[in-house]
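In case you want the letters, here they are:
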Amino acid sequence: MRKLSRTILAALLAAPLMSGIASAYELVMPTLDYRTGPYAPNGIPFANGYGDYLNMLNERDGGINGARISLVPCETGYNTKKGVECYEKLKGEGQSGALVFQPLSTGITYQLIPKASVDEIPIFSMGYGRTSAANGKIFPWVFNFPATYWSQATVFVQYIAEKEGGMDNLKGKKIALVYHNSAYGKEPIRTLEKAAEKYGFEFMAMPVDHPGQEQKATWLQIRREKPDWVMMWGWGVMNQVAIKEAASIRYPMDRFIGVWWSGSENDVLPAGAAADGYLSGAFHQPGDNFGAHDDIKKYVYDKGMGLGDRDRIGEVLYNRGLVAAMWTSEAIRKAMEIHGTNEIRGVHVRDGFEALEVDEARLKELGLEGFTIPVSITCENHEGPGQVALQQWDAKAKKWSLVSGFYEPLRDITAPLIAEDSAQFAAENNVTERSCN
Amino acid sequence: MLFFIEVTLSGMMAGVMYSLVALGFVLIFKASGIFNFAQGVMALFAALTLVGLMEKFNFPIWLAIIGTIVVMIALAWLIERIMLRHLVNQEPIILFMATLGLAYVLEGMGDILWGSDVKVLDLGIPQGASDWMLDSFDIYIEKLEIFAAVTAAIMVAFLAVFFQKTRIGRALRAVADDHQAALSVGISLHTIWVIVWSVAGIVALVAGIMWGSKSGVQFSLSLIALKALPVLILGGFTSVPGAIIGGLIIGVGEKIAEVYLGPFVGGAIENWFAYMLALAFLLFRPQGLFGEKIIERV
Chain A
3 MRKLSRTILA ALLAAPLMSG IASAYELVMP TLDYRTGPYA PNGIPFANGY GDYLNMLNER
63 DGGINGARIS LVPCETGYNT KKGVECYEKL KGEGQSGALV FQPLSTGITY QLIPKASVDE
123 IPIFSMGYGR TSAANGKIFP WVFNFPATYW SQATVFVQYI AEKEGGMDNL KGKKIALVYH
183 NSAYGKEPIR TLEKAAEKYG FEFMAMPVDH PGQEQKATWL QIRREKPDWV MMWGWGVMNQ
243 VAIKEAASIR YPMDRFIGVW WSGSENDVLP AGAAADGYLS GAFHQPGDNF GAHDDIKKYV
303 YDKGMGLGDR DRIGEVLYNR GLVAAMWTSE AIRKAMEIHG TNEIRGVHVR DGFEALEVDE
363 ARLKELGLEG FTIPVSITCE NHEGPGQVAL QQWDAKAKKW SLVSGFYEPL RDITAPLIAE
423 DSAQFAAENN VTERSCN
Chain B
118 MLFFIEVTLS GMMAGVMYSL VALGFVLIFK ASGIFNFAQG VMALFAALTL VGLMEKFNFP
178 IWLAIIGTIV VMIALAWLIE RIMLRHLVNQ EPIILFMATL GLAYVLEGMG DILWGSDVKV
238 LDLGIPQGAS DWMLDSFDIY IEKLEIFAAV TAAIMVAFLA VFFQKTRIGR ALRAVADDHQ
298 AALSVGISLH TIWVIVWSVA GIVALVAGIM WGSKSGVQFS LSLIALKALP VLILGGFTSV
358 PGAIIGGLII GVGEKIAEVY LGPFVGGAIE NWFAYMLALA FLLFRPQGLF GEKIIERV
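Protein chains in written order, with our numbering: chain A, 3 to 439; chain B, 118 to 415.
Hint data in this document are derived by calculation from the structure and do not stem from the laboratory. Here the structure is a predicted model, which means the values were calculated and not measured. Careful: at least some of the hints might be erroneous.
Below, a list of computed lysine-lysine pairs in the DSSO-like style, where the Cα atoms sit at most 30 Å apart [said to hold, decoys possible]:
#1 A/Lys228 - A/Lys176
#2 A/Lys400 - B/Lys260
#3 A/Lys117 - A/Lys139
#4 A/Lys139 - A/Lys165
#5 A/Lys196 - A/Lys165
#6 B/Lys173 - A/Lys300
#7 A/Lys84 - A/Lys188
#8 A/Lys176 - B/Lys260
#9 B/Lys260 - A/Lys401
#10 B/Lys282 - A/Lys401
#11 A/Lys175 - A/Lys139
#12 A/Lys400 - A/Lys366
#13 A/Lys176 - A/Lys200
#14 B/Lys173 - A/Lys299
#15 A/Lys139 - A/Lys83
#16 A/Lys398 - B/Lys173
#17 B/Lys260 - A/Lys398
#18 A/Lys398 - A/Lys228
#19 A/Lys400 - A/Lys305
#20 A/Lys299 - A/Lys366
#21 A/Lys401 - A/Lys305
#22 A/Lys176 - A/Lys139
#23 A/Lys305 - B/Lys173
#24 A/Lys300 - A/Lys366
#25 B/Lys173 - A/Lys400
#26 B/Lys260 - A/Lys228
#27 A/Lys188 - A/Lys93
#28 A/Lys93 - A/Lys83
#29 A/Lys299 - A/Lys400
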């Protein structure tokens, strides 16, 4: 009896101690970074935001539900071939294997789509990649919420219509798209062509070759054609040069709208005051005045573990990485909840993504109240809300700020295109549509 | 017609920017027969050093420029000591491969020393469209490119005087003509190489300043070397005026092609059109417009 009492006492004393010890099972999260090469200025802040948030979870909470996160970086240089090599190298990493990949490149995403279904590892191509992957019945392993390029293109059309006094006033207007001549840059073309057919505006597509250091000919054509609005799907140095060229030909900045990958501090600062008023898409707030940022500073930077410069926390691309990490970690948390274990693998994380609910209340708990839109993902819909807002650059204050609410996309344009493109993918790759019932 | 003039002028101005990079290649090739693949990275490294000295050490512009020139001269000395000295009399392909390695080393060093972020380079060079041209003639020309054209003209004049009228210049020409003969009359090959790589470093700094002012100093700057290649093929690898004329032809050719042919073939043709143009010239003049004719006696 005495022996039993001792055992119970020992167990009671050890219990709190045990609960404080993190599980030995580590959650492997590869990060396909590009900290070198011509696109590094954009890759670095994203990677910093992504890594800092997950490191903060490790330091503050001991990881996710007590399981520590193991970040495994791999340098891609924004090169598709290297990205695929990184995937192959890291997919079986650690006990858990890679739980999810965030390729940060449309080209890499396209290559990983067929591999992900074989390896049963979800791809989270947040706001980039193959738009028709929004159809979860055909692309069960790819998630591209909170919005796709096609949704974003239709939001830009709506914003333009609003400024022109209504959708009817789009008729006869001229809208140009200056785009990176790659899979990424070409994504919105079909949507904009459909929108042009429907609303009667003239659409001009103007490619710029990699890397986009010299694009004088494009802007001379814009000067000649005098489009009423210019959209840009650019990345890296292409953005900075385009904004400078637009300013040089005196193109009004408040009629120049960049995709959300063409709207960071890096893109506008080299143009100085001339970039004032430039617009871009956005699905989260800029700035560092949120609780999550405070925690990153306290638990990561104060301990000397920050991945970047403290004064660059809150930049647009930093916050982009942060929001990607937040949604990913919430999907992992959900997967643990669904399967009742911390010892999850990629296949479980897919379930977590498909049941993901990050509403206003949850954002508040995470210290990100009002930071982004609520997201709800289902088996059928991997795009989620599809809502997009516009942000504008204030060159004097050197600050981005949201200047519109979140627009709903024009689903009557995007939905048939998604259905058509995903059906084509299914036919070409012998994919059978799964049931989501 | 006005638009055609505008395209032509813009092409000429863009061509001058390419020539600035091509000049560095010519100088080194002329004096040593080495095709320096690292010339684009040297422009990046010089611009990174300049901005770094201004940002991190608060150097005033003039001191930062002098400091960068000193760094580029030191770099030339190091390249000669560590790399070139050991490769004398090697095949040109070996020397080319060595410069390929040098490009990676310099890029990595630039990253470690100054970071990979986009850096704003503001030396007070006028930016934006020339208001006078735009308002008076409705022609768009960038002030930065006019500045670059004037700088290129001064640089070419300086290089011409340097090559033709100075002792070192004559020694450089002697080395370029015949290494063995130059050595036999007491010209030090090593000193000449340090000098020529130093001058190429300074030319790289000028190119880095112009391109960096245009887009911010960032790693994509090293890719401007790709713009200089068709210029070199066309102008000849050994001619300073060839680099300028070649740049003008490539600049005008690619802009006219992009604007007038591009819309019929889906656009984005200026990059490969420049190479097509250079290749077409190669069919008729393999040595380029101003290159030295290669005569091989068997």
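Ascending list of hint numbers which this structure does not respect: 4, 10, 11, 22
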